[in-house]
Structure formats: C-alpha cells, structure tokens
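Peer 1: From first to last, the protein sequence lines stand for chains P and W.
To convert, note that position 32 of the first sequence is 32 in this note's numbering; the numbers rise steadily by one, no gaps.
To convert, note that position 151 of the second sequence is 151 in this note's numbering; the numbers rise steadily by one, no gaps.
Don't read these hints as lab results, they were simulated from the structure.
For glycine and all other residues, C-beta sits at the position ideal for the given N, C-alpha and C.
Certain hints may be false.
[Said to hold, decoys possible] Here are the computed distance ranges between Cβ atoms for each label pair: (1) Arg47(P) to Asp47(W): 53 to 61 Å; (2) Pro23(W) to Ala61(P): 39 to 47 Å; (3) Arg40(P) to Trp125(W): 24 to 32 Å; (4) Ala52(P) to Ala153(W): 18 to 26 Å; (5) Arg40(P) to Trp179(W): 21 to 29 Å; (6) Ile134(W) to Arg14(P): 25 to 33 Å; (7) Ala13(P) to Ala9(W): 19 to 27 Å; (8) Ala13(P) to Leu202(W): 36 to 44 Å; (9) Glu46(P) to Ile134(W): 36 to 44 Å.
[Stated by the list, open to error] Footprint (simulated), chain W over chain P, 3 or more residues, beta carbon under 8 Å: (10) 21-31; (11) 37-44.
[As the list claims (entries may be wrong)] Under 7 Å between C-beta atoms, here's a sample of chain P residues computed to sit facing chain W: (12) Tyr12; (13) Pro18; (14) Ala48.
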Amino acid sequence: MMGPEFWRMGGYARYVWPCFGLALGVLGWNLWSARRLHARAVLHAERALLMARADAGARGAELMATNGLVGSKRS
Amino acid sequence: MWTWFYRLASPPYVYRVAARCTPWLLAGACIAMLYGLCDGLAFAPPDYQQGEAFRIIYVHVPAAVLSLFAYTLMATAGAIALIWRIKVGHAVAAAAAPVGASFTLLALITGSLWGKPMWGTYWAWDPRLTSELILLFLYFGVMSLRVAFEDPARGDRAAALLAIVGVVNVPIIHYSVQWWNSLHQGATIIQFGKPKIAGSMLWPLLAMLLGFMLFFGAVLCMRLRAEVLLRERQASWVRAAVQA
Numbered sequence: 001m002m003g004p005e006f007w008r009m010g011g012y013a014r015y016v017w018p019c020f021g022l023a024l025g026v027l028g029w030n031l032w033s034a035r036r037l038h039a040r041a042v043l044h045a046e047r048a049l050l051m052a053r054a055d056a057g058a059r060g061a062e063l064m065a066t067n068g069l070v071g072s073k074r075s
Numbered sequence: 001m002w003t004w005f006y007r008l009a010s011p012p013y014v015y016r017v018a019a020r021c022t023p024w025l026l027a028g029a030c031i032a033m034l035y036g037l038c039d040g041l042a043f044a045p046p047d048y049q050q051g052e053a054f055r056i057i058y059v060h061v062p063a064a065v066l067s068l069f070a071y072t073l074m075a076t077a078g079a080i081a082l083i084w085r086i087k088v089g090h091a092v093a094a095a096a097a098p099v100g101a102s103f104t105l106l107a108l109i110t111g112s113l114w115g116k117p118m119w120g121t122y123w124a125w126d127p128r129l130t131s132e133l134i135l136l137f138l139y140f141g142v143m144s145l146r147v148a149f150e151d152p153a154r155g156d157r158a159a160a161l162l163a164i165v166g167v168v169n170v171p172i173i174h175y176s177v178q179w180w181n182s183l184h185q186g187a188t189i190i191q192f193g194k195p196k197i198a199g200s201m202l203w204p205l206l207a208m209l210l211g212f213m214l215f216f217g218a219v220l221c222m223r224l225r226a227e228v229l230l231r232e233r234q235a236s237w238v239r240a241a242v243q244a
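Given only the sequences and the hints, what does the whole structure look like? Please build it.
Peer 2: In structure tokens, the structure reads:
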C-alpha cells in the first residue's frame, strides 16, 4: 500500500492515525519524564552533598574553636 | 541464582546495571518498532472484515499487554520488598507505576478509537473495557497512596499492599472475554494451538510487542536510577557517583 491510499487507510484514517500519533506521544512523554526525574534526582543528591559538606565544615570550625586552635566567631 | 538475587537488592549494583542496560534496550526498542511499524502499516494485508482499521492492533495490543505486565511487575516488586524487606523492590514498583498507567491509558484510548468504526461506539460497559479502566484507577491509587504519607516508608508499604491486592484484576482482564459475553474479540496470539492471526500480520505485531517491552525496560531503568538516587541520596556511594 503506497501513495495517497496509504494515508487514507481505506477510509479509516481518522481512527488509525490518531492512535499512532497518541502512541508516539506516550513514548515521547515516557522518555521525557524519565529524563526529567533523573535530572531532579541528581540535583537533590548534589544538594544533599553540598549540605553535608557545609555541615562538616561548620562542625570542624566549631571543634577547632573549642580546642582553641583558631578564634571562635562568638568571641 | 540466589547470589544474583541478593546482588539485585544492592542499590549501587542496580544503579550501575540500569545505566549499562538503558542504551541497549532503547536501541533494541527502536529497531523492533521501526520494523513493526513499516511491516505493519505498509506491507501487512488488510483484514477481510475490518479492512485497514485492523492496523490499530499494532499499538493497541502491545499497550494492553504492557499495562498488565507493568502491573504484575509492580505487584511482584512490592511483594518482594514487603517479604524480604528489600528497598530496591519499592523503587522498582515506584518506577513501574507511571509507565504502566500511561500504557493503560493508551490501550483504553486506542481501543475506544478502534471500537467506534467496528462496534459503532467509543465506549461500552463491557467486561474487558471496564476491568481495564479499573486497572487504570488501581495505578492512580497506587501512585497517590505512595505520596499520601509523610513517612515515605509507610507510603511505600501501603502502595505495595494495594498493588498486591489489585493484582487479582490482571487475570480478570485476561479471561474476561471468555468468562462473560463481550463485545471485545477473544485472544489472538496467546492461546492453545495456532494463533488466530495470519503470519504476515503476526510478525509485525510480535515485533511491536518486543519493541514496546524493550522500551518499557529502558524507561524502567531510567526511572529506577532516579528512584534509587532519590532514596539513597545520603549514602556515600551516591556522593561518589554524583561527584564523578
């Protein structure tokens, strides 16, 4: 089946083509949403890493200040 | 066998394996779907009763099969997570739910578009159609329940329980055309003896089925990696993976 007859689908074009278009849309949405979810997860993990580093830095500074190694911000 | 099973319970192992499998699964899906589409749309002969409208089968059947497969996988993963307390099981279930729901919706809409020229109506409260609609609501229920609790672990457990209870709907959908009078046609491929469909129509259908399955596998791997990252973001291996 070739040419205009292919696109007419024996008179059923308005049922057949929307089905294939919708299937393409669902496949595309699945790919897009999975990539978006992964990007969000990486961002969350990076934030958690930054917070952990900041936390560790603050704790280290506090410990050094307590031991009198450097001047504390409070003094 | 058991060693492999226990390795699958390790989030970093699952994260690595999923990353490795995704491009292969996607490539396989593209090849199978391309062949299925070309053969199914251009070369398969028209049906003697339904004419060219039968070509909707090449997206409707794979979507419907996948809707049942994804639900069964989700319930199995939920059961594994509940019984053996394997957290990756909950991640698999969470990753499968939206993909399965989208394919259920696709099966319902393409079925409805196929129903209009064949049955004269877009929708009938037929056993097959109704049980498939219930499956969509079950997917929505499982996804909503997972995020309804403040404690994510409680949400995971509740969602897994609903998925397990709802799995009873899967054989109901499959056998509905045999158990009750239905507008919907009977099994075409999976039945004892020879399939009811001619080879020239069957091969593109099998290719599309394989393509949809591989695509589901690829998207599941992508979502699974994200779920594992979100759930394990405080773990040291995640920090190493993010820094890399």
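Peer 1: Each of the hints needs a verdict: does it hold here or not?
Peer 2: Structure-based check of each hint:
1. Arg47(P) to Asp47(W): 53 to 61 Å: 55 Å, holds
2. Pro23(W) to Ala61(P): 39 to 47 Å: 45 Å, holds
3. Arg40(P) to Trp125(W): 24 to 32 Å: 40 Å, violated
4. Ala52(P) to Ala153(W): 18 to 26 Å: Because 22 Å falls inside the window, the suggested range holds.
5. Arg40(P) to Trp179(W): 21 to 29 Å: 44 Å, violated
6. Ile134(W) to Arg14(P): 25 to 33 Å: Roughly 29 Å apart at Cβ, these two residues keep to the hinted range, so it holds.
7. Ala13(P) to Ala9(W): 19 to 27 Å: Violated, at about 50 Å.
8. Ala13(P) to Leu202(W): 36 to 44 Å: 24 Å, violated
9. Glu46(P) to Ile134(W): 36 to 44 Å: Roughly 41 Å apart at Cβ, these two residues keep to the hinted range, so it holds.
10. 21-31: holds (count 7)
11. 37-44: Coverage by chain W holds for the segment 37-44 of chain P (6 residues, Cβ < 8 Å).
12. Tyr12: 4 Å, holds
13. Pro18: Given a least distance of 6 Å, the restraint on Pro18(P) holds.
14. Ala48: Check passed: Cβ of Ala48(P) comes within 4 Å of chain W, closer than 7 Å.
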